[in-house]
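Work out the full structure: start from the sequences and follow the hints.
For the sequence shown, my numbering gives the first residue as -2, with consecutive numbering after it.
Note that these hints are calculated values from the structure, not bench results.
No residue lacks a Cβ here, since even glycine has one placed at the ideal position from N, Cα and C.
Any given hint could be a false lead.
Label pairs and their in silico Cβ distance ranges [unchecked claim]: (1) R94 - A9: 28 to 34 Å; (2) G186 - I57: 25 to 31 Å; (3) T84 - M(-1): 35 to 41 Å; (4) R17 - V139: 33 to 39 Å.
The calculated lysine to aspartate or glutamate pairs, modelled on DMTMM-like cross-linking and capped at a C-alpha distance of 25 Å, are [as the list claims (entries may be wrong)]: (5) K223 - E205; (6) K223 - E234; (7) K223 - E111; (8) K223 - E99; (9) K223 - E98; (10) K223 - E209; (11) K223 - E76; (12) K223 - E59; (13) K223 - E37; (14) K223 - E83.
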Amino acid sequence: MMPLSIGDEVRAGTYRLHSRFRRAVNYTDGRRLVSVVGEEIGAGPLNIVVRRIPRRNSEILEIDNDLLAEARRFQSGLEDGCTNSETLRLNLNTLQRVLVEESHPKSLAFLLDERRIRNFRSGFERAVAGQVCAGVSLLPSVAGVRQLAGLGFGLTPSGDDFIAGMLIALNILGQPRRLIRTLGQAAMGDNDLSNAFLRLAREGRMTEKQQELVSALLHRGRAEVKAAARRVLAVGETSGADWAVGFVMTAKSGVVECWSGGVMGRKKTPLFQHSNTPVLQRSLPRREIRP
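Here you go:
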């Protein structure tokens, strides 16, 4: 059966089963991951989208060059062009409101509204929140990334999702490639899925739902931003929200005028310097924990 689409980062080869989930089956060749997903997950740089995931999955997945040549290829890179910085500022405010009002209670949206910290009730949860705050306060630095990497809940931990969103925003803001590569490399750990997503984010590559949100932020209005944001929030339990929090905090701290040849301008002051994140100042527990 011909897939509906194949991501532009999928390569020919022999892949072995890595992990199975209800809406995705992951394979690896030892260096790279590919994911067989249904239409509800949608296109992505490493996704092979099919109408229906088979109930029984093969242990081996063969991808040849003929299949790659015949299938529709999803292009996961950043779009070219620039936008009015005021449009982006207003749309980022809309995205932030959606995150605060509609994100999963255990998402990192407490970084945007301190009242949401009440959702972290146990000592462990509050310790995680404290570690997140400490890491975010150090960004964008290797120390901050290393504190966030692998931290939190979920198949891809919240800290990794936040970093991926941050890396996409840094790409859009036209930050130096050396900075983005350094931060992306510092985030790498022993989670194969996180490592794959972080590598892609470092290169400015996104899923279709993430692309739609970024495009809406850059070029469209409030209604389109809200609709695209809700599609991202539907990804995982907290993964989509945590990615969007990392994106919006980075983008809001670095929005400047467009520059020729890139989507947005280059930032000349440290990111997060003026972050409106009151929870960072609160005395949450910050003891060392192992995620």
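Hint check results:
1. R94 - A9: 28 to 34 Å: Violated, since R94 and A9 (Cβ atoms, about 44 Å apart) do not stay within the stated range.
2. G186 - I57: 25 to 31 Å: 27 Å, holds
3. T84 - M(-1): 35 to 41 Å: 39 Å, holds
4. R17 - V139: 33 to 39 Å: This hint holds: roughly 35 Å between Cβ atoms.
5. K223 - E205: Within the cut-off at roughly 16 Å; holds.
6. K223 - E234: With a Cα-Cα distance of about 18 Å, the restraint between K223 and E234 holds, given a limit of 25 Å.
7. K223 - E111: Holds, at about 22 Å.
8. K223 - E99: At roughly 11 Å apart (the allowed maximum being 25 Å), E99 and K223 satisfy the hint.
9. K223 - E98: 11 Å, holds
10. K223 - E209: 11 Å, holds
11. K223 - E76: 20 Å, holds
12. K223 - E59: Distance of about 39 Å is beyond 25 Å: violated.
13. K223 - E37: 18 Å, holds
14. K223 - E83: 17 Å, holds
In this structure, the earlier hints numbered 1 and 12 are contradicted, and the remaining ones agree with it.
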